[in-house]
Amino acid sequence: MTPAQAAELAERTRYRVIGAILVVLGIAGYLLFANGVSADLVSEFGMNASATTKLPDWIIPSYATATALSAICLFLGGFQLARGFGKWTNLVFGIAVLLFIFAFLTWATRDASINLAGMIKSALLRAVPLTLGALSGILSERAGVVNIAIEGMMLAGAMVGALAGSLALQRWPAEQFGSLSLWVGLVAALLTGAALALIHAVLSIRYKVDQIISGVTINIFSLGITSFISARFLQEFQELNNSGIFRTVPIPVLSQIPFLGPILFESNVFTYLTYILLVVVHVALFYTAWGLRTRAVGEHPKAADTLGINVFRTRYLAVLLSGLMAGLAGGYFTLGSVGRFDEGMTAGRGFIALAAVIFGNWTPFGAFGASLIFGFADSLQGKLAILRVPIPSQFLLMAPYISTMIALAGLVGRATPPAASGQPYEKQ
Amino acid sequence: MSAQATALTSGKPKPSTWQQVRETLGLPVLAFITALAVGGVIIILTDLEVLGAFRDTLGRLAPAGYTRLILSLVLALVAVGLYFGAERVLARVMKNPPYWQTVALSVLGGVGSLILAYFLLRSAGFDQALDAAQKAVSTAYGAMLEGSLGSLSAIVAALQSGDAEARRLAFYPMLESLVAATPFIFAGLSVALGFRCGLFNIGAEGQLFMGAIFSAFVGYSLKGLPAVIHIPLALGAGALGGAVWAFLPALLKAKVGTHEVINTIMMNWIAIRLSEWLLNGPMKRPGTANPVSPTIEASAELPRFFADPIRFHLGFFIALGAAAFIYWFLFRTTWGFEIRTVGANPFAAKYAGMSITRNYLIAFCMAGALAGLAGANEVLGLNHNLAVAFSAGTGFDAIALALLGKSHPLGVVLAALLFGTLRSGGTRMQNVAKIPVDIISVVQALVIAFIAAPAIIRALYRYREERRAAAH
Numbered sequence: 001m002t003p004a005q006a007a008e009l010a011e012r013t014r015y016r017v018i019g020a021i022l023v024v025l026g027i028a029g030y031l032l033f034a035n036g037v038s039a040d041l042v043s044e045f046g047m048n049a050s051a052t053t054k055l056p057d058w059i060i061p062s063y064a065t066a067t068a069l070s071a072i073c074l075f076l077g078g079f080q081l082a083r084g085f086g087k088w089t090n091l092v093f094g095i096a097v098l099l100f101i102f103a104f105l106t107w108a109t110r111d112a113s114i115n116l117a118g119m120i121k122s123a124l125l126r127a128v129p130l131t132l133g134a135l136s137g138i139l140s141e142r143a144g145v146v147n148i149a150i151e152g153m154m155l156a157g158a159m160v161g162a163l164a165g166s167l168a169l170q171r172w173p174a175e176q177f178g179s180l181s182l183w184v185g186l187v188a189a190l191l192t193g194a195a196l197a198l199i200h201a202v203l204s205i206r207y208k209v210d211q212i213i214s215g216v217t218i219n220i221f222s223l224g225i226t227s228f229i230s231a232r233f234l235q236e237f238q239e240l241n242n243s244g245i246f247r248t249v250p251i252p253v254l255s256q257i258p259f260l261g262p263i264l265f266e267s268n269v270f271t272y273l274t275y276i277l278l279v280v281v282h283v284a285l286f287y288t289a290w291g292l293r294t295r296a297v298g299e300h301p302k303a304a305d306t307l308g309i310n311v312f313r314t315r316y317l318a319v320l321l322s323g324l325m326a327g328l329a330g331g332y333f334t335l336g337s338v339g340r341f342d343e344g345m346t347a348g349r350g351f352i353a354l355a356a357v358i359f360g361n362w363t364p365f366g367a368f369g370a371s372l373i374f375g376f377a378d379s380l381q382g383k384l385a386i387l388r389v390p391i392p393s394q395f396l397l398m399a400p401y402i403s404t405m406i407a408l409a410g411l412v413g414r415a416t417p418p419a420a421s422g423q424p425y426e427k428q
Numbered sequence: 429m430s431a432q433a434t435a436l437t438s439g440k441p442k443p444s445t446w447q448q449v450r451e452t453l454g455l456p457v458l459a460f461i462t463a464l465a466v467g468g469v470i471i472i473l474t475d476l477e478v479l480g481a482f483r484d485t486l487g488r489l490a491p492a493g494y495t496r497l498i499l500s501l502v503l504a505l506v507a508v509g510l511y512f513g514a515e516r517v518l519a520r521v522m523k524n525p526p527y528w529q530t531v532a533l534s535v536l537g538g539v540g541s542l543i544l545a546y547f548l549l550r551s552a553g554f555d556q557a558l559d560a561a562q563k564a565v566s567t568a569y570g571a572m573l574e575g576s577l578g579s580l581s582a583i584v585a586a587l588q589s590g591d592a593e594a595r596r597l598a599f600y601p602m603l604e605s606l607v608a609a610t611p612f613i614f615a616g617l618s619v620a621l622g623f624r625c626g627l628f629n630i631g632a633e634g635q636l637f638m639g640a641i642f643s644a645f646v647g648y649s650l651k652g653l654p655a656v657i658h659i660p661l662a663l664g665a666g667a668l669g670g671a672v673w674a675f676l677p678a679l680l681k682a683k684v685g686t687h688e689v690i691n692t693i694m695m696n697w698i699a700i701r702l703s704e705w706l707l708n709g710p711m712k713r714p715g716t717a718n719p720v721s722p723t724i725e726a727s728a729e730l731p732r733f734f735a736d737p738i739r740f741h742l743g744f745f746i747a748l749g750a751a752a753f754i755y756w757f758l759f760r761t762t763w764g765f766e767i768r769t770v771g772a773n774p775f776a777a778k779y780a781g782m783s784i785t786r787n788y789l790i791a792f793c794m795a796g797a798l799a800g801l802a803g804a805n806e807v808l809g810l811n812h813n814l815a816v817a818f819s820a821g822t823g824f825d826a827i828a829l830a831l832l833g834k835s836h837p838l839g840v841v842l843a844a845l846l847f848g849t850l851r852s853g854g855t856r857m858q859n860v861a862k863i864p865v866d867i868i869s870v871v872q873a874l875v876i877a878f879i880a881a882p883a884i885i886r887a888l889y890r891y892r893e894e895r896r897a898a899a900h
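Protein chains in written order, with the numbering used here: chain A, 1 to 428; chain B, 429 to 900.
It should be emphasised that the hints constitute simulated quantities derived from the structure, not laboratory data.
Note that the structure is predicted; figures quoted are calculated from it, not measured.
One or more of the hints may lead you astray.
Stated by the list, open to error - No more than 20 Å apart at the CA atoms, straight line, and that leaves these computed lysine to any residue pairs for SDA-like:
#1 K208(A) <-> R886(B)
#2 K208(A) <-> N310(A)
#3 K208(A) <-> P525(B)
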């Protein structure tokens with residue numbers, strides 16, 4: 001069998017697998033979420049993410065909706081098996097999964113109500129640090145330097161953000177200077193992320209240390225030094241750990257859009273920065289010369305070198321930018337969320353960001369989508385107990401990791417990293 | 429060396445035993461000392477007394493003191509310049525500076541200037557601050573030494589007095605270090621075995637958790653078995669748990685080619701969440717709200733050798749046995765040879781007919797089993813139950829161990845003893861000197877960095893490594 005034929009066979013198998021999964025989703029959807037539900041039960045979804053809008057709740061019949069959604073999944077699966085959606089397969093698959101999840105929500109809220117808009121907003125807020133961390137990973141890995149240290153950079157950014165913000169608050173109180181102290185803290189967090197990234201870059205590019213080892217070193221170092229400084233100073237002197245948080249600022253016209261407005265456009269500066277950076281990084285990576293050079297260095301550094309691109313300088317810059325992103329992500333935990341630093345507060349979210357990078361196929365918007373899914377799973381697991389759904393919440397917490405392994409294994413589509421990712425470049 | 433012996437080898441004289449020891453131990457020892465020095469600097473810079481003393485002295489410094497301060501800073505810069513640039517200095521004075529003169533100028537000049545600067549600083553009025561700094565470091569590291577090895581005077585007194593309790597208390601630190609080193613031996617062997625096969629086992633932490641879960645389950649659910657059956661069964665269950673957890677990433681790497689680092693990191697977190705669910709649900713001890721498993725049966729506990737408070741248990745010798753077994757396996761069997769070949773050069777191994785898949789699976793599953801034993805050791809020998817987040821990052825420290833020990837079982841055991849000593853000393857350092865134990869993590873990270881990038885150490889101590897080699 002030639003490679004082309006083998007690839008063709010693999011593709012057809014993948015389509016059949018997806019079709020089969022869709023059929024199973026349709027049948028399971030009916031059996032789990034519609035069967036046995038009495039026809040008069042209704043699901044009530046709150047539509048207001050904030051107190052400013054007054055949309056009425058969305059009330060739908062539970063049985064009918066779940067059955068309809070399952071039927072759609074079944075039909076899509078049948079169509080995929082029979083004729084196939086071709087290059088729309090992935091999109092259709094994504095939509096079908098969304099329908100399945102909505103059927104699940106309908107069943108979970110039968111004869112009850114949840115605030116759907118609130119859940120989506122909570123998912124978005126949880127996705128902000130994941131997206132920023134994922135942008136960090138994308139920038140670095142697209143240039144060929146694996147960045148396992150996102151977690152460490154986030155943690156250090158969080159601590160320095162809180163510390164600098166608190167110190168600045170003492171120096172420039174909020175009554176006279178407004179949120180100046182918060183911006184000072186933010187810049188400090190950015191610089192900390194960049195500093196750690198510089199260490200990572202020097203170790204892995206100049207000294208050619210294995211990039212995983214240097215990443216793990218930075219993680220251990222960051223956890224150690226932040227816990228050390230936190231225990232030495234921040235616990236004793238509470239005024240050093242009290243930075244306050246950025247206020248929520250609604251965008252004038254856009255936040256009036258029904259349902260989506262309060263969710264997307266009534267948030268703090270971190271969310272808005274995330275939107276801007278998503279577009280900026282996407283355009284920069286895929287539509288500028290700098291982005292092309294960076295990606296070239298990550299795919300085939302030797303070819304890029306022969307074209308005259310300075311591989312080392314490109315990688316240094318990419319890793320530094322990656323550090324800035326990770327520092328920003330870390331700043332969110334303190335300056336955008338709680339206003340104080342607790343030891344180890346990132347709790348593995350740097351690794352979920354890494355999972356989002358892989359699951360989103362190393363593209364900014366893909367990673368954003370993945371972060372939204374992971375954020376939604378995170379916000380869902382808190383509600384499961386209230387809704388009396390018999391799934392342990394920890395299983396939902398495992399979802400990002402399991403889905404990343406599935407994506408990496410190529411079960412639902414190949415996740416291909418940049419070709420030269422992970423190998424130090426030797427100039428010859 | 430005789431000419432005949434030289435002709436038989438590659439042409440270079442075979443290094444003497446002393447040189448071999450210095451070559452293998454040189455870098456790790458220097459890395460460790462430098463890391464401790466940097467740790468000491470961090471301790472000084474974050475000590476409130478020291479900072480306060482410096483600020484006070486700066487506040488009331490006399491004009492004469494200012495000049496001395498500036499002078500001492502200049503001398504410090506001179507010291508650095510002399511240490512790193514002695515050759516350039518001498519080259520301006522004479523044509524071909526002989527080697528010993530360069531060494532003398534750099535070492536004596538550098539150290540001498542530094543000492544002069546120190547005394548100048550003292551006379552400028554900073555003597556209290558400097559004393560406080562010295563006290564901070566000596567209290568910290570003194571407490572660490574006492575916590576890890578015990579105090580000599582206490583040991584001597586206890587031995588002389590003959591009181592059993594006093595003797596136990598005197599020997600407690602040293603034996604506690606051995607207790608702390610035991611999971612490091614297992615986990616370090618796990619990562620080292622992975623390295624030997626060219627695989628990066630970051631998943632030691634998750635495999636540790638699974639081993640702990642499996643062995644705890646066997647420990648508390650099987651009742652009425654004699655210890656001689658229960659203990660091996662529980663240990664075996666722990667090894668099985670770790671091996672099972674390592675199997676999937678190894679299979680994915682061998683079949684699909686996905687990087688085992690990402691997969692094992694994901695498996696780590698899945699294992700942690702899984703343990704959280706189990707300890708809040710099926711494996712939860714009845715009658716308590718805490719997420720903790722039932723206490724294991726007495727027949728499953730690893731026997732301890734001394735009475736309380738000494739916790740030294742059989743696990744240490746099992747770990748040593750595992751190290752010996754891994755040494756024999758890697759260096760004295762064909763399987764081990766194949767694994768090492770695959771690690772050294774997969775293409776050559778494949779050309780020689782060795783199955784890469786099979787070797788990856790064997791190596792990674794054995795590595796998983798070892799990490800699982802680390803978890804089982806903690807459950808069966810120390811805690812006697814399973815609690816959430818019972819492991820303080822042993823799996824990640826194990827990476828440092830494997831690097832420090834150059835992936836050799838003997839090196840790993842020595843490195844694990846060192847780290848166990850550090851950890852148990854760190855606990856005492858936190859209790860007595862009020863220095864957070866996280867400084868140990870910082871020292872560990874620095875050790876990894878220095879070992880992984882030897883050029884840094886060579887740049888710092890260059891007159892000891894490169895110059896000597898060039899002179900020979």
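Hints, one by one, checked against the model:
1. K208(A) <-> R886(B): holds, 15 Å
2. K208(A) <-> N310(A): holds, 16 Å
3. K208(A) <-> P525(B): Roughly 34 Å separates the two Cα atoms, so the pair is violated.
Hint 3 from the earlier list is the only one contradicted by this structure; the remaining hints agree with it.
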